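Number of protein chains: 2
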Amino acid sequence: MASNPLLAEFLSGSRRALAKLISAVENDGALARTLLDELYAKVGHAYRLGITGPPGAGKSTLVDQLAKTIRATGKTVGIIAVDPTSPFTGGALLGDRVRMTDISTDPGVFIRSMATRGSLGGLSQKAQDAADVLDVFGKDFVIFETVGVGQSELDVVEAADTVVVILVPESGDSVQAMKAGLMEIADIFVLNKADRDGAQRAVHELEAILHLRPAAPWNPPVSATVASHGKGIEEVWKRIQEHRDFLLQDNRLVAKRKQRLEKKIRELVSRRLKQEFWDEEARRLLSQSLDNFQNEKLSPYRVVDELMEKFKTSLQQRMEN
Amino acid sequence: MASNPLLAEFLSGSRRALAKLISAVENDGALARTLLDELYAKVGHAYRLGITGPPGAGKSTLVDQLAKTIRATGKTVGIIAVDPTSPFTGGALLGDRVRMTDISTDPGVFIRSMATRGSLGGLSQKAQDAADVLDVFGKDFVIFETVGVGQSELDVVEAADTVVVILVPESGDSVQAMKAGLMEIADIFVLNKADRDGAQRAVHELEAILHLRPAAPWNPPVSATVASHGKGIEEVWKRIQEHRDFLLQDNRLVAKRKQRLEKKIRELVSRRLKQEFWDEEARRLLSQSLDNFQNEKLSPYRVVDELMEKFKTSLQQRMEN
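Protein chains in written order, with this note's numbering: chain A, 21 to 341; chain B, 21 to 341.
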């Protein structure tokens, strides 16, 4: 029993309603909040994949191929592509994504691009909320696709059950990936463009680096692909299924999802606290101390003490009224 | 009049006391807080440089050369080198930094390495606090040196008055830098290892990318260096002085430092709010909903609502007692 006509349409399987619900989530309004509260009890069916790697590694192509492979097994797929938009480049550097038409016209596949433009944080929350919507819609798999640069992009893929990191056989690529924090989050490595020079060496380099790591219950495998020719995709799919089987043992998937939920709640709390804290009076107090900062030179720690006191007092007043 | 013997020793110019104060800042205790409150009125003398770039770009060498150049003008220098320590590599990948001995034995230079190990956020705060300490100690220049990967490292260099981004003539380096957000924060670009193949092409590529950007009051120049042979350092130093002169016009430096202070206060507020929020009861409530998450499936937004209510009530109770 849906309380809202859009929700009723959504639950009856309308793609149009699905698209509208995801837009509501992107716009982050009261409607989204109400809908998510209602939907949440049904979340948990979809298996979530995160696919990331440096610009130009061939992520979109690999995601499209993977979606085709999953579709061939009869399962449905939702794709959430997060495009980073730098304030400098305006996103123009990456160019417009051109999706393979056979995927985008398949009714069993739903693709949505989300931009990072300006949204400081909150992106990973929105991507997760969108995944929840796709999940309740009945998608068997949800794929997050994002460039592996920047914390907010890492947050997006970390919301996945299985994380696939794509690299290419270029000098220093794996070292860069390591410094960017990609090595820690990868469950599976894919060396794409494996028909290029140096591919074999790059695979060995990567495996050598991985062997430095202490043995764990799951040791990330390395697969070589040429996504543009569909080569190696079956193997990646097999690795993903193996990782899923691994997570289904010993309650690991439940534990992982619990951790993810905890992270999400903690982030939401931080955002709410900020919203409540920075009311008009707090902003006025802040701008006062900033205007005086050259004369008074109050330590920032003291300014924060004052602001905290004010926050507590005004919370108390609000509760008394 | 210093309230603390260590502070008195520090204010009389003791390097030993300086080192101790910075350690106190790193350990983030009550002592550091008291000392920073007392010192803060004297902050503002030192000019702050941020030097960043990908691993292997030659940052340490360039910083050492720059420090020598600054010392030759009779000015003193403090260096805060932030080494990222990945939980995976344990920092071993970069190897230990070997500093040039002629710099590290100069009493006019103070070098301190700070590790990122595990400190989720807070690193940039600590680096800034350490810079404040060096500032009050009387250093004319403070240099932040850090690997240009990851948000916390970007936060460190962003606390500088002038940011120098170092690149090397390797394919895709400038594109990677752009995606990593380095382009937006650079006031000056240095193409180091300019004796390598492709250096001229790399300079042109970088300049071409920079020309895509709309003209601004300050347009970042590109300098070519071979830091290991001391080549080009004088030019970099000249560019830094030009950028400083630029900031000294039209109140720009004051405005920049004001913005930096605002950012710092906002971050401190977020940390304090988190600390106050996640008391024993909140953690217990969170772990209860997490334990139930598969059965109850309360939306995370509802869990946050409950936690916020509890927070307000307990704040009120604490204030009444």
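No wet-lab data here; the hints were simulated from the structure. One or more of the hints may lead you astray.
Which copy is meant is left open, so a pair is good if it fits within one copy or across any two.
Claimed, not checked - Think about it this way: if two alpha-carbon atoms lie no more than 25 Å apart in a straight line, the pair counts; the simulated DMTMM-like pairs of lysine to aspartate or glutamate are:
1. Lys284 with Glu29
2. Lys284 with Glu301
3. Lys294 with Asp160
4. Lys62 with Asp311
5. Lys276 with Glu340
6. Lys284 with Glu58
7. Lys283 with Glu225
8. Lys284 with Asp299
9. Lys40 with Asp217
10. Lys40 with Asp160
11. Lys317 with Glu287
12. Lys88 with Glu329
13. Lys40 with Asp265
14. Lys95 with Glu282
15. Lys294 with Glu178
Small disclaimer: the values here were computed from a predicted structure and weren't measured.
Hint-by-hint comparison with the structure:
1. Lys284 with Glu29: neither (28 Å within a copy, 47 Å between copies)
2. Lys284 with Glu301: For lysine 284 and glutamate 301, only the inter-copy Cα distance (19 Å) is at most 25 Å; the intra-copy one is 29 Å.
3. Lys294 with Asp160: Classified as neither: same-chain Cα gap 36 Å, cross-chain 36 Å, threshold 25 Å.
4. Lys62 with Asp311: between (51 Å within a copy, 17 Å between copies)
5. Lys276 with Glu340: Neither, since 41 Å and 41 Å both go past 25 Å.
6. Lys284 with Glu58: within (18 Å within a copy, 38 Å between copies)
7. Lys283 with Glu225: Intra 33 Å, inter 41 Å, cutoff 25 Å: neither.
8. Lys284 with Asp299: both (24 Å within a copy, 18 Å between copies)
9. Lys40 with Asp217: Classified as neither: same-chain Cα gap 46 Å, cross-chain 53 Å, threshold 25 Å.
10. Lys40 with Asp160: Within one copy only: 20 Å inside, 57 Å across.
11. Lys317 with Glu287: between (32 Å within a copy, 18 Å between copies)
12. Lys88 with Glu329: neither (57 Å within a copy, 47 Å between copies)
13. Lys40 with Asp265: Cα proximity of lysine 40 and aspartate 265: none, with 34 Å in one copy and 52 Å across.
14. Lys95 with Glu282: neither (29 Å within a copy, 50 Å between copies)
15. Lys294 with Glu178: both (24 Å within a copy, 22 Å between copies)
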